[in-house]
Amino acid sequence: MIRHLLKLVWNRKRTNALIILEIFFAFLVLFIVGTLGIFLWDNIHQPLGFAPKDVWTVAISMHQTTEDYDPNQAPAFLRLLKETQGLAPVESVAGAMVLPYSTSNYTGGTEFNGRHIRADFNDVTEDFAKVMGLRVTQGRWFEKADETTAWEPVVINETMARAAFGAESPIGKRYGDPGKDKNADRERRVIGVIREFKKGGELSAAGNYVFQLKRLNPLPAGMKATSLERPPSNLVLNVRPGTPVTFEEDLAKRLQAVAPSWSFEIKPMAQMRASAFRLALTPLVVGGIVALFLMLMVGLGLIGVLWQNLLQRTREIGLRRATGASRSDVHRQVLWEQLILTSFGVLLGSVLVVQIPLLDLVGFIRPGIFLGGMLVAMLAIYLLAVLCALYPSTMASRVQPAEALRYE
Amino acid sequence: MIRNYLKIAMKVLLRRKFFTFISLFGVSLTLVVLLVATAMLDHVFAAQAPEVLGDRTLGVYSMTMRGPESIWSGFAGYQFLDRFIRPMTKLPSVEAVTFFSMPGTGISYLDGKKIESMVKHTDAEFWRVMRFNFLEGAPFTVDDDRSARFVAVINEATRDKFFGGQPALGKTLEVDGQRFKVVGVVPNVPILRISPYSDIWVPIGTSKTDAYKRELVGDYTGLIVARSRADFPQIKSEVQSRLKEAEALIPDPKMYKHLDGGADTLFEAASRLFLPGDSETSHSERLFLIFAGLAVVFMLLPTVNLVNINLSRILDRSSEIGVRKAFGASSWTLVGQFVVENVVLTLVGGLIGLVLAAAVLAGINASGLIPYAQLSLNVRIFLDGLAIALFFGLFSGVYPAWRMSRLHPVMALRGRSV
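Chains A and B, in that order, are what the protein sequence lines are.
All residue numbers for the first sequence refer to my numbering, where the first residue is 1190 and numbers rise by one.
All residue numbers for the second sequence refer to my numbering, where the first residue is 129 and numbers rise by one.
The hints are simulated quantities; they were obtained by calculation from the structure and are not laboratory data.
It cannot be assumed that every hint is accurate.
To be verified - Output of the computed footprint for chain A on chain B, the stretches with three or more beta carbons under 8 Å from beta carbons of chain A:
#1 143 to 150
#2 235 to 243
#3 336 to 345
#4 418 to 432
#5 435 to 442
To be verified - In silico negatives: residues of chain B with every beta carbon more than 10 Å from chain A:
#6 129
#7 201
#8 253
#9 368
#10 475
Stated by the list, open to error - Below 27 Å or equal to it, Euclidean Cα-Cα: the simulated DSS-like pairs (lysine-lysine) are:
#11 B:241 / A:1442
#12 A:1271 / A:1388
#13 A:1456 / B:242
#14 A:1271 / B:336
#15 A:1271 / A:1362
#16 B:382 / B:336
#17 B:309 / B:299
#18 B:341 / B:309
#19 A:1242 / A:1271
#20 B:135 / B:145
#21 B:341 / B:289
#22 B:336 / A:1456
#23 B:242 / A:1242
#24 A:1271 / A:1333
#25 A:1442 / B:289
#26 B:242 / A:1442
#27 B:309 / A:1442
#28 A:1413 / B:385
#29 A:1242 / A:1413
#30 A:1333 / A:1319
#31 B:385 / B:341
#32 A:1442 / B:385
#33 A:1456 / B:289
#34 B:299 / B:289
#35 B:382 / A:1456
#36 B:241 / A:1242
#37 A:1271 / B:242
#38 A:1442 / B:336
#39 A:1456 / A:1271
#40 A:1413 / B:382
The C-beta atom is built at its ideal place from N, Cα and C for all residues, glycine as well.
Go ahead and model the full structure; you've got the sequences and the hints to work with.
Set out below in structure tokens:
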């Protein structure tokens, strides 16, 4: 049966080659849409690691270049923290280099047992875990006393712990191979592990994350200064539920009074979350709409071409009917032919697409997600092909044998 | 002859309405997507008001300090522009030089309501290079800039937010704790015009601290207006040699050794940003190739679709072709006829696409997705669209026409396909 159908397909190879080509391109489009869709769906279902509710952020511009660092900045920042903590609607406040949902990144790579591992970093003050609601699963979060230790404590997320230390407990371990940890001024040690911290928000993929503690208070004599003494450029604060928006103006005035030469931009984290979603979803929605129209176009085109092809084969179909084939036999033949054509297109597409995970062309998407995208694309394209074949094949099966045989 | 072809074409198109509909649907939708993309690119890169001098402007946009271990990239720093680019005004090939910062967010509170505006620090020359059409007042002057007076030019949207659309001249507004007196009001500039775009423009001297004066890499942009495009190579090499000189000022010579950058057109700057790499000249060609490649890849699917439909359409007309061949029409005549038919079809699709694209662009403008977007179709984009439609028509018509012309007259007359 299949061999016979293949022969039929081969007999009309030039027309069919074009249909296969069209299905191939349609498969590629569906694959891209499917992969991105599954990628986001997978990301949303991974834990976020922090609670953005009732958190406000303050971005600070210190109007200072990196090279002319001013030692008065740290005390001024501490005054800001103190002033903010004293306000009635504020439950807790902390400083952070990088804000959740922001587009800025701060990454570094270090070797662990000879393997180079990259991670996103964030330098924060002591209360950051409290403000953001981070969940510590092993060891502990930073304490005040950590600011003056001779080594630098770090807290990492579970993904990083697995990547760097495998199944062993990372607590107390050295962060980075001795002599290889070029990014740090002192030896770093892991003191705790948090469940997760997805800086990019719900839609971003989970990755390696490392927290370091800012050292804004005066250091003991003889201790070398490092970049950790520079104040972070953001505040995060947890306000009491139901705090009115008018508090924002009040807060801005207070901050401006403490540090007149700095500029402040206050935003509820909910707003940053909304714009992060918009930024990620807008191109996807536009792409999705375009892909939908492309598929509609392909669908209509396939119906037209199939219909025309079957019309030309009226005599062949008539002959089959005259020799005893039932209407459903004809129906089935058309559908099977269509499925064979589709399979060729899908096969071609899969061979091309499978190179992406094999050659690791897009590193940040896991191979499993590509596989999912391929399956979704296959399912969709077969569905489209069958749907497009239904109407023309019904028309073809209605052909009366007598009429078909005299058709010119 | 052509008239005859056109007549036949119209008749054929009306005969198989379903096929005609599918073809038009495909062509017009593809064109909508390509035209919207073209309109966006045109909006970003083409010289149009207020950047009327855009065609002969070079910019010092991104700069990078490079060392053996570290890279620090950003926009140009004010110190570099002030000491090395400003003196270029003396060169005979340079008409004007202007500096301005990247727009930063400025926060104001008005009657308990928060207003966010973009604030750009500029020099007075900015207003000579950017030809804004002032609705009220005038730009701030060289004197305002030099003595750091707290004056501001605002756009219409800002006037609406702060003063309810009433005349704003001479009134004051407070941004980030600084009070500015409004000296001029200009129309809104779309965010895609990155050089002129802002809500509020204030003199550079009103910055909160003077840290910007010590930066080699910072958040400033310098524009150099040349007398003509022919001067571009000379200005570019002049900027390169000044960059070399500026390397002596690198604050931490152990960490950073080189200062990279250059005077670019906007398109070159965009390619430098998106395609980082070492080679100097090939960036913009590569970016252009990427744009063109994306367009071609996107057009592949609709083209194959169109070829398929056209093939079916021709085979349907095999008896007509047989008659014409039998009466002596050459293959070339038939190919010509069919290509003309197809081009007519795609041009009709193109016109529908243009109308739809205009609607989509108006929708984007109204949605506020891109602040102050004024996306529209102009003659340039219209011609682009026509060219794309023509390309489509020829490309998807030639193969089916070739297949058609090879039909054997006897077979064709019998109604049999190849």
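Determine which of the earlier numbered hints do not hold for this structure and return their numbers in increasing order. As far as the earlier hints go, 15, 16, 21, 29, 32, 35 are violated by this structure, in ascending order.
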